[in-house]
Amino acid sequence: MAQKQDNVISLRGIVNRFGKQVLHDGLDLDVRRGEVIGVVGGSGAGKSVLMRTIIGLNRQASGSISVLGQRMDQISDSERTKIEARWGVLFQNGALFSSLTVAENVQAPMREHTDLSPQLMDELAALKIRLSGLPAEAGAKYPSQLSGGMKKRAGLARALALDPDILFLDEPTAGLDPIGAAEFDQLIRNLQRSLGLTVVMITHDLDSLVAICDRIAILIDRRIRVGTLEEHLKDEHPWIKEYFHGPRARAAGIGAQ
Amino acid sequence: MNDPGWVKFSTSGSMAIWSCGGAWTIDHATRLARDLAIPAEAKGKAALIDLAAMDQLDTSGAWLIRRHGNALVEAGFKVETKEGDPDLAVLLKRVVEIQDVLPSEPHRRNLGDKVAEIGASVESILTESRDLLAFFGGLMSALARLTMTPWKLRWNAIFSHLEQTGLNALPIVGLINLLVGVVLAFQGADQLARFGAQTFTINMLGISVLREMAVLLTAIVVAGRSGSAFTAQIGTMQVNEEVDALRTIGLDPMDVLVVPRVIALMVALPLLTFFADMMGLLGGGLMCLVLLDISFGQYLGLLNQAITVNHFWVGIVKAPFFAALIALIGCFEGLRVSGSAESVGRLTTRSVVEAIFLVIIVDALFSILFSYIGV
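Chains as they are written, first to last, in this note's numbering: chain A, 1 to 257; chain B, 1 to 375.
Simulated from the structure, these hints should not be mistaken for laboratory data.
All figures in this text were calculated on a predicted structure; none of them were measured in a lab.
For every residue, glycine included, the Cβ atom is placed at its ideal position computed from N, Cα and C.
Treat the hints loosely; a few may be bogus.
[As the list claims (entries may be wrong)] Below, in silico cross-link-like pairs of lysine to aspartate or glutamate (DMTMM-like), each with a Cα-Cα straight-line distance of 20 Å or less:
(1) B:Lys-93 to A:Glu-123
(2) A:Lys-141 to A:Glu-104
(3) A:Lys-82 to B:Asp-27
(4) A:Lys-82 to B:Glu-342
(5) B:Lys-93 to A:Glu-183
(6) A:Lys-141 to B:Asp-27
[Unchecked claim] Stretch-level coverage of chain A by chain B, calculated; a stretch enters the list once three of its residues show a Cβ under 8 Å from a Cβ in chain B:
(7) 67 to 77
(8) 138 to 150
(9) 235 to 242
[Unchecked claim] Computed list of chain A residues with no C-beta within reach of chain B, every gap over 12 Å:
(10) Asn-7
(11) Gly-13
(12) Ala-108
Chain B extracted, bound-state conformation:
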C-alpha cells in the first residue's frame, strides 16, 4: 500500500506552497479535507499546489484538490498547479473540467407551499374517489359483458384464486372465530351471572356471532390476507410492465386480472363466513360445556330456541358485498402502482387500511338498513 495521503504547507519567497503526496484516496479524505486549510501566513503570496509527490489519486482526492483550488481563487489567490504523474493528471483534469457539480440551492418551503400541499392532497383524495368510482363502473360493465359470454371467463384463474383466498384461509379464519366464540361465551357468562341469567349467554353468543362477529372478522382477515396479496401481485406486475404487455397483446387487465379475483373472492368470502359461523358457535359451545355445565346436545337445543335462520342470513348476506369491496380496492390500488418497489409497499398498506375501513362503514350501513326493515 502507498503512504497515506499528506499535505504540507510551506512558504518560499513570494510563494505559498501546498505540497501534496502519498495516496489521496477516500480512506484519507476526511483527514485531508481538514488539513487543507489556508493559514494566515499565506496571505498576499502566490499559491502553488504541488502534486509531484502524489502516488495515488482517486476522485475523492481529486475533488479535494479542486475544492482547495476554488477556495484559494475565491480568497483572492493566484493559483498555479504543479502536476506530477501524468496518469493522475488525467483524472484531476477530468474532475476539474466537470461543470455545475452542485445543483442550485433547494427551494425553501414557505406558508404558500403548505397551503398548496393541503390543496393538492384534497385534490388527490377527490381524484382517487372519482377514479375508484370509474373503476367500479368499469368492473360492472366487464362483469355484465362477461355474463353474456361466460365461456370467456378465465375459469382457471378463478379457481386458482378461490383456492388461495378461500381454501388456504380456512385454518386462520377457523382458529380466530373459534377463539372469539370462546371469549364471547366466557365474557357473557361472567357478566350475565350477576343477574343470574347465564342461560342467555347462548342467545347473546348466537346472535353476535351469526349477525356480526363471524362475517366482520372474516372480512378483516381476508382484507389483510387477500386484499394485500391482490395489490402486491398486480402492483409487481405493474412495476415489471406486465400490465402494459397485457394491453399491447389486446387483453384487458380488467378481464384478466380483476374480474377473476373479484368473482373468486365473492364466492370464497360467503363460504368462509359460513365456516366462521360454525367455528364461532363451536367455540362458544365448548366454553358453555366447561363453564356452565351445559352439554353439547343441550347447547344445540338452546341455540335452536334462541336464534332464527334470519340471524344467519343477516350475517351471510353481507359477505359478498364485503368481498366485492375488498377485491375492488385491492385490484384498484394494485393498478395504481407506478415505477418503484416502494410504491408497491405504500399502496398495499393503503389497500388494506381502506378495505377494512370501508368494510366497517358498509357494515354500519347494513345495520341501519336491517333495523329499518326489521330483521
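Just chain A, with the same shape it has in the complex:
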C-alpha cells in the first residue's frame, strides 16, 4: 500500500521562479520513510519556498510532487485533506492563531480532523504541550503572552496534534537556547523513532544536523545535493566546503571527523 512506499515524498523536476529570478531549476528530491532529512542552503536559496511548495502553499511552475505515494496535483480535494491531516508543519515563528489560547491552537487540527471527545482533546492537547517542553500553565495563555522560544514549542505542539507521519520543521531550533535546542533535537529523535516519523527540517543549526539528521539536502545552484554528512564532507563545491569546514562547523565537531 501507499504507506509502505520507501519514498514518502518525491519531487521531480521542480521549477520555481519569481519574475525573472529562477529559484529552483529541475530540482529532484526523495525523502525516505522514517528518516530525518535536513535542508540547508544559503539565505535566499529557496529553502522555505521548497517547503511551501511541498505542502502546497506555493504552486510550482513545473514538475511533480508525490506525497505518501499520491501525486499532489492529480488528487481530489478530499484526498488532499486526508494527506494534509498526515503532516504537521512548524512555521518559522510558530504561526499560532493569535485569537486562540495555546491549548485551543493545539486542538484546532483535532477538531477539524477527528471525532475525539472534548475531554480527551483537552488531555491530549495538555500532553502535547508538556511533550514539547512547555509548562502545563502555558495551555491557557495566548500566543502574545509567550516568548519567541515558547511560541516555537507551542507551534511544535500544534504540528504534533494529529500525530502526523511527516513533520515539516522550518528552522525549529533557531531562537532556542542551546539546552532547549538540544532537548528539541532529542524530542524529535524520540518521536521519530517510536512513530516512524519522517522529518523534513530546514535548519542552520550544525549541531542539529550532526545530532539528528540521517541525510542532508543542500540547496545549491538551483538544484539539490543529498547525501550523508560524510559524503558532503568530501564534496569539492566551494560553498559546501565553506559550510562544512568553516569555524562554526569545527565548533560543532564536524571538522574532527
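Starting from the known structure of chain A, arrange chain B on it as the hints suggest.
Using the frame of chain A, we list chain B on its own:
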C-alpha cells in the same frame, strides 16, 4: 496499514489482563478510550497491561495507556505493564514520565470577580481618556516644534497620505453626497408640497447640505476609510516591532507616523467637504429639475437668494476639527496595539466607532456654539 488498535480484557488466575494490539493511533483513539473500561470481574485481581501485540503507537495511544494505568491505580489495583516493541516503549516511557500534564483547576468566577471587573473597566476607560489627552498634548507639542522647523516635516509622507485620504476618497464621497442631495430634495419637495411651499425645498436643501450634511457625511466616510486605515497601518507596524525600531534609531513615532497623517487629513477633509457641498447641491439641483421643473439656471438663482456664504463657512470650518479628531484617534489606537493580529482588528473597530461618536459630539457642540453667536 497496520490493524486498527484493539484491546481485549481477560482474566487468568489472579490476573486481570488487558491485551492491547494493532495500531494505537489518533484515528482509533475515540473507540479505544471507550473500550478501556474496568469490568466488574477484574475486582480484587492484579492488573496486567499487555502491550506485546502492539504494532504502532502514537502519543494519543500512549496517553490512553497511561490514563488507563492511572485509573487502575486509583481504583486500588496493583498494575504491571508487559512491554512489547522497544521502540514503542521509548515513547510510552516518555509520555508516562511527563509530570503535571493537566494544569490546576481553573479559578471559578464569583460575585467579587464581577465587581472587580467593573472596577477594572472603569479604570481602563479613565486611563484611556488620560492617555488620549496626553497623546493630544504630545501631538500639539510636536506640531508646535515642527512649525518652528518646517523643513523637518516629512513632506513625502504628507503628500502620500493626502493622496490616499483625499484624492482617492473623491469618488465615494462624491457619490454619497450626490445621492443624499437627491434624497433631501425629493423628501423636501414631497413634504413641502402639502403646504404649497415647494420652492422652499431649495432653502432647506442648501442650508442642510452646506451646514451639516456634507461635512458630517464626509467625516463619517473618512473615519471609516482613513481612520481605520491609520489604526491598521500603525497597528501592524506595532506588531512587527517597526515602531520600536523607529524609536531605537532615534526617530519619534509622533513625528514620523502621526504628524504627517494629522496634517494630511486636516488638509484633505476641508477639500473633500467642499467637493461634497458641490455634489450635494448638484444632486438636489437634478432632483429639482425632474420634480419641480426648475431649470438649472433658475435653481442657482433661487439658491443664491436662499443661502448666504455664512452657511458655507459654518460647514467647512468644522472640517479641520473633525479631521484632527479622526486622525488623532486613528493614530492613538494604532499605537496602543500590542502583540497580536487580533488586537489590530479590535482596536481598528474601536478607532472607527470612537471617531464617529466624537465627530457627532463635536458637531453638536458646534451647533450650540453657532446658535449662541448667531450665525
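Each hint tested on the structure:
Distance hint between B:Lys-93 and A:Glu-123 is fulfilled; the C-alpha atoms sit about 17 Å from each other, no more than 20 Å. For the suggested pair A:Lys-141 and A:Glu-104, the alpha carbons sit about 10 Å apart, so the restraint of at most 20 Å is met. For the proposed pair A:Lys-82 and B:Asp-27, the alpha carbon gap of about 12 Å is at most 20 Å, so the pair holds. Straight-line distance between C-alpha atoms of A:Lys-82 and B:Glu-342 comes to about 30 Å, which puts the hinted pair past the 20 Å bound.
With a C-alpha separation of about 16 Å, the suggested pair B:Lys-93 and A:Glu-183 falls inside the 20 Å cut-off, and the hint holds. A hinted pair counts as satisfied when its Cα atoms are at most 20 Å apart, and A:Lys-141 with B:Asp-27 does not qualify at roughly 28 Å. For the stretch 67 to 77 of chain A, the stated coverage by chain B is violated: 0 residues have a C-beta nearer than 8 Å to a C-beta of that chain, whereas at least 3 were required. By the rule of at least three residues with a Cβ nearer than 8 Å to a Cβ of chain B, the coverage given for the stretch 138 to 150 of chain A holds, with 6 such residues.
Proximity of the stretch 235 to 242 of chain A to chain B, defined as three or more residues with a beta carbon under 8 Å from a beta carbon of that chain, is not established by the 0 residues found. The beta carbon of A:Asn-7 sits about 18 Å from the closest Cβ of chain B, which is more than 12 Å, so the claim that it is off the interface holds. The beta carbon of A:Gly-13 sits about 30 Å from the closest Cβ of chain B, which is more than 12 Å, so the claim that it is off the interface holds. The beta carbon of A:Ala-108 is kept farther than 12 Å from every beta carbon of chain B, the shortest such distance being approximately 14 Å.
In this structure, the hints that do not hold are numbers 4, 6, 7, 9, in rising order.
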